[in-house]
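Asker: With the working numbering as the guide, the letters of the sequence shown map in order to residues 8 to 306.
It cannot be assumed that every hint is accurate.
Each pair of labels, with its calculated beta carbon distance range [to be verified]: (1) Ala40 <-> Glu261: 15 to 23 Å; (2) Gly60 <-> Pro306: 23 to 31 Å; (3) Gly18 <-> Glu149: 21 to 29 Å; (4) Gly57 <-> Arg177: 39 to 47 Å.
It should be emphasised that the hints constitute simulated quantities derived from the structure, not laboratory data.
As the structure is a prediction and not an experimental result, all values here were calculated from the model.
From the three backbone atoms N, C-alpha and C, an ideal C-beta is built for every residue, glycine too.
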Amino acid sequence: MIRIPAFLKPGDRVALISPSRFAEPEQVAAAQAFTKAHGYELVEAPGLGGSDGQLGGTDADRAAQLNWALSEPSVRAVWGVRGGYGAVRAVDLVDWSLLHRDPKWLIGFSDFTVLLSESLQHRTAALHGPMAIQLARNATPETFQALADALRGAPWTLESPRAAEELRVRGPLVGGNLSVLYSLLGSPSFPDLRGCILALEDLDEYHYHLDRMMQGLRRAGVFEGLAAVVAGDFSDLKDHERPFGRTWSQILREAVPAPIPVVEGFGFGHENRNLTFIHGLTHELAATSGHATLRPLLP
8 MIRIPAFLKP
18 GDRVALISPS
28 RFAEPEQVAA
38 AQAFTKAHGY
48 ELVEAPGLGG
58 SDGQLGGTDA
68 DRAAQLNWAL
78 SEPSVRAVWG
88 VRGGYGAVRA
98 VDLVDWSLLH
108 RDPKWLIGFS
118 DFTVLLSESL
128 QHRTAALHGP
138 MAIQLARNAT
148 PETFQALADA
158 LRGAPWTLES
168 PRAAEELRVR
178 GPLVGGNLSV
188 LYSLLGSPSF
198 PDLRGCILAL
208 EDLDEYHYHL
218 DRMMQGLRRA
228 GVFEGLAAVV
238 AGDFSDLKDH
248 ERPFGRTWSQ
258 ILREAVPAPI
268 PVVEGFGFGH
278 ENRNLTFIHG
288 LTHELAATSG
298 HATLRPLLP
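Can you make the complete structure from the sequences, with help from the hints?
Answerer: Okay, here's the thing in structure tokens:
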């Protein structure tokens, strides 16, 4: 059974951390503006703003930020400032028993998929949603509102106009960035996907890279027993002068074994519109007449 952390109430504190790349002032300012607008208090984890090359500090420093946020009783949500790369280098230095003692929301996507997956290993729901860097870069009003509503316990039903078949399935909605999930294959952080609805998105990849990852996951058997696959945005993809010959949609559909349904067009990923969903929570995926919904089923 997945544990649902307490939803936020006015005055609660949100800790900002940099588990991957380093934080920049405009990203911190965007996080400050968002939390203030919704009645929360933003606190910067000790060490936020540090750097080690592209990273937001050494591996130990970045793990210490998350450990501090998980151990601080007044903090009710832990928000990643940005993605990039680096969370995997710090994840094993985190004291995850702190999350057991005091469940709280982890918020992020992209490279933060590492932490969403690890939270799932500890039976705790998290929020797959925008980070401060997106809110500082022309995020749509829907993006802001969907995150705010999820934090207060009113998550949105996500919709897609691109369903090709009628269906109705239920399962925990898990996943995130395809490249990051693939990198976790064989590690203790990789989720057990049996009975799940797998959410996928990605950015800045060659088409053949996407195919390599999907075929690798297929051959590892991780799609066996899936309830469904739902796709967000696959953005800024690349190809060679002689094209690979398959769209990202075809790549997904060729790798996922029938009769597991694949539904595209849900609004999460690396676009300005990045809607929040509760990672690990059971959702109902329903489609009819070319329209699909992903409805969260709160206890």
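Asker: For the hint 21 to 29 Å, verify it against the beta carbon of Gly18 and that of Glu149.
Answerer: For Glu149 against Gly18, whose Cβ atoms are near 26 Å apart, the range 21 to 29 Å holds.
Asker: Quick check: does the Cβ-Cβ distance between Gly57 and Arg177 fall within 39 to 47 Å?
Answerer: Because 43 Å falls inside the window, the suggested range holds.
Asker: Can the suggested window of 15 to 23 Å be confirmed for the beta-carbon pair Ala40 and Glu261?
Answerer: violated (43 Å)
Asker: Honestly, do Gly60 and Pro306 meet the 23 to 31 Å range at C-beta?
Answerer: The hint (23 to 31 Å, Cβ to Cβ) is violated, given that Gly60 and Pro306 are roughly 43 Å apart.
The earlier numbered hints that this structure contradicts are 1, 2.
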